[in-house]
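**Student:** Assemble the complex: chain V is given as a structure, and chain U must be docked to it using the hints.
Listed below, chain by chain, are the residues.
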Amino acid sequence: MSEIAKIVERTFREESGRVLGALISTLGDFDLAEDALQETLITALERWPLDGIPLNPAAWVTTVARRKAIDRLRRAKIGARKQALLLELLRTEQTDQEPDVDAHPIPDERLKLIFTCCHPALALEAQIALTLRTLGGLTTEEIAHAFLVPVPTMAQRLTRAKNKIREAGIPYQVPPIPVIPERLEAVLKALYLIFNEGYAATSGEGLIRQELCAEAIRLTRVLIELLAHEPGLCEDAEALGLLALMLLHDARRTARVDADGELILLDEQDRSLWTQPEIEEGVALLDRALLLRRPGPYQIQAAISALHAQAAQPAATDWHQIAALYGSLARLTPSPVIELNRAVALGMAHGPLYGLMVLDQRQLADELGDYHLFHAARADLLRRAGWLTEAKVSYAHALSLCQNRAEQTFLRRRLIECTQAALLD
Amino acid sequence: MRYLLLIYNNETANTQQTPAEMEAEMAAYNAFGEEGAKAGVLRGGEALQPTTTATTVSVRNGKIITTDGPFAETKEQLGGYYVVDCANLDEAIQWGAKIPGATKGSIEVRPIWDFSQG
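Protein chains in written order, with my numbering: chain V, 1 to 425; chain U, 1001 to 1118.
Bound-form chain V, shown alone (with noise of 0.2 Å):
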């Protein structure tokens, strides 16, 4: 690929959402602003090599565009609706007269594109796909990809949520102030499931999935920035936190990782490889959040990351802390799991004993018997408190259970320590 060809293809990913946002919002039609967008893309790509860069290539492009839609609405057999945009149209284009685009700073509407994408009236699979779509500028293509689906069923998604953010009025707007914790919440929970699907798996190909943790924090950061900057908004402390969560799982990306690809485990990893300025800016942000009061999930989660972060080695970590941050999670969001990660710092400040004793309570039991994480916690508390023949069994039940190659490997090398020293007994 030429140079110029490479900086038209970044110019586009970088501003797509901001050349959408503008485009959606005069044209009040996704897949109009869209198709005018891809086919200014062929004309930068013809244009530039010979005209040479643009000044302001966001303007450009999204000047362009408006009129590419402009003549995409006087080709086509138009009803009433479109009439009238198109008169709307030619109107603001007179006042906006050509050379001078770079004069012009187009107004910032992805806050407006970010709540339109994320509305719960939307699946949330639809939700993640149209925000990497609108947001990140990734093709279709590449999040059938990333999300490990065929091709025609994304691009099917993408349309069908299309369609109903037209066919049932889903408002291009930044939400009315009463109901912004609510949608803000989707948002949040939007871009944690982006970041999420990248970081989580242990499969698949890496490059493109890497580009969706990396997406996921861009957009959380401009997130952040917009929503400081829009009037009678104000700094979100679990928007702040998701961000810091994020930074600070994305600081072990390369030490999570063997040469084969396998994952390593959190105490097995060699923490120099963790980066300390994603670890530094995590822990910046959650400080911020925290003081402004006002406790989430995200920033309990990212207290959590960022006390393990903060280790030199497994043996420093503050495990009284922790047991306390889960405690205070479960109480906002119970959950079995978040109990059973409870269970284990408490194994680790007070003891096996009392892990166990957390552990053992016949509820939780019941609700995670098949989930082998509950069984190797299990085992690891009853091998630390000497029961090794107890321990045995729940290690071998763990594996039994466990999906993940890492995990397996780690346990089977757990079984035949106890089996060994139990031997030695």
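Simulated from the structure, these hints should not be mistaken for laboratory data.
Careful, some of the hints might be misleading.
[As the list claims (entries may be wrong)] Capping the alpha-carbon separation at 30 Å, the derived lysine-lysine pairs in DSS-like fashion look like this:
| id | chain 1 | residue 1 | chain 2 | residue 2 |
| --- | --- | --- | --- | --- |
| 1 | U | Lys-1098 | V | Lys-189 |
| 2 | U | Lys-1098 | V | Lys-164 |
| 3 | U | Lys-1098 | V | Lys-112 |
| 4 | U | Lys-1104 | U | Lys-1063 |
| 5 | V | Lys-6 | V | Lys-82 |
| 6 | V | Lys-162 | V | Lys-112 |
| 7 | U | Lys-1075 | U | Lys-1038 |
| 8 | V | Lys-82 | V | Lys-164 |
| 9 | V | Lys-82 | V | Lys-112 |
| 10 | V | Lys-112 | V | Lys-189 |
| 11 | V | Lys-189 | V | Lys-164 |
| 12 | V | Lys-112 | V | Lys-6 |
| 13 | V | Lys-164 | U | Lys-1104 |
| 14 | V | Lys-162 | V | Lys-82 |
| 15 | V | Lys-164 | U | Lys-1075 |
| 16 | U | Lys-1038 | U | Lys-1098 |
| 17 | U | Lys-1104 | V | Lys-189 |
| 18 | V | Lys-162 | V | Lys-189 |
| 19 | U | Lys-1075 | U | Lys-1104 |
| 20 | V | Lys-162 | U | Lys-1098 |
It should be emphasised that the depicted structure is a prediction, and the values quoted were computed from it without experimental measurement.
**Tutor:** Chain U only, in chain V's frame:
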């Protein structure tokens, strides 16, 4: 845009209401109707008799087939509706959330086809 707000509630639970509860519910619906009319949003609405009074009709091979029911297996049944004229879905959702039945059952918000738009 016009939206149909379909009210789904548990009929059996409704028949077990005390007279006082029924009266309170009627008052709440009246208040909703007044608020909607005052805002210029409400375009109509009716309460329906229970599904025990319903009849299903279909035509197969030119023959009319009439049956009792629908025999809904679902917990909630269609009990009434409103038509509202709103700027967008967010507004329609807000009005849907104000319907008294939303606290016990659920409201389906459906856009109405507008054939006059191109």
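**Student:** For every hint, state whether the structure bears it out.
**Tutor:** Taking the hints in turn, this is what the structure says about them:
Between the alpha carbons of Lys-1098(U) and Lys-189(V) the distance comes to roughly 26 Å, so the proposed pair stays at or under 30 Å and holds. A distance of roughly 23 Å separates the Cα atoms of Lys-1098(U) and Lys-164(V); the hinted pair therefore holds under the 30 Å criterion. For the hint linking Lys-1098(U) to Lys-112(V), the alpha-carbon distance of about 25 Å falls within 30 Å, and the restraint holds. For the proposed pair Lys-1104(U) and Lys-1063(U), the alpha carbon gap of about 40 Å is over 30 Å, so the pair is violated.
A C-alpha spacing of about 35 Å is found between Lys-6(V) and Lys-82(V), which places the hinted pair above 30 Å, so the restraint is violated. This hinted pair checks out: Lys-162(V) and Lys-112(V) have alpha carbons roughly 15 Å apart, not beyond 30 Å. Annotation: proposed proximity of Lys-1075(U) to Lys-1038(U) is violated, straight-line Cα distance about 33 Å (limit 30 Å). Among the hinted pairs, Lys-82(V) with Lys-164(V) is consistent with the structure: their alpha-carbon atoms are about 18 Å apart, no more than 30 Å.
For a cut-off of 30 Å, the pair hint linking Lys-82(V) to Lys-112(V) stands: about 22 Å separates their Cα positions. Distance check on the hinted pair: Lys-112(V) and Lys-189(V) sit about 17 Å apart at the alpha-carbon level, within 30 Å; holds. Of the supplied pair hints, the one linking Lys-189(V) and Lys-164(V) holds, its CA atoms being roughly 20 Å apart against a limit of 30 Å. Distance restraint check for Lys-112(V) and Lys-6(V): the Cα-Cα separation of roughly 29 Å lies within the 30 Å cut-off, and the hinted pair is therefore satisfied.
Annotation: proposed proximity of Lys-164(V) to Lys-1104(U) holds, straight-line Cα distance about 27 Å (limit 30 Å). Straight-line distance between C-alpha atoms of Lys-162(V) and Lys-82(V) comes to about 17 Å, which keeps the hinted pair within the 30 Å bound. A C-alpha spacing of about 27 Å is found between Lys-164(V) and Lys-1075(U), which places the hinted pair at or below 30 Å, so the restraint holds. Proximity of Lys-1038(U) to Lys-1098(U) is assessed by CA-CA distance (about 14 Å); at most 30 Å being required, the pair is judged to hold.
Only pairs whose Cα atoms come within 30 Å are accepted, and Lys-1104(U) paired with Lys-189(V) is accepted, the gap being roughly 27 Å. Taken as a hint, the Lys-162(V) and Lys-189(V) pair is honoured in the structure, with Cα atoms around 20 Å apart against an allowance of 30 Å. As the CA atoms of Lys-1075(U) and Lys-1104(U) are separated by approximately 12 Å, the hinted pair is consistent with the 30 Å bound. Straight-line distance between C-alpha atoms of Lys-162(V) and Lys-1098(U) comes to about 28 Å, which keeps the hinted pair within the 30 Å bound.
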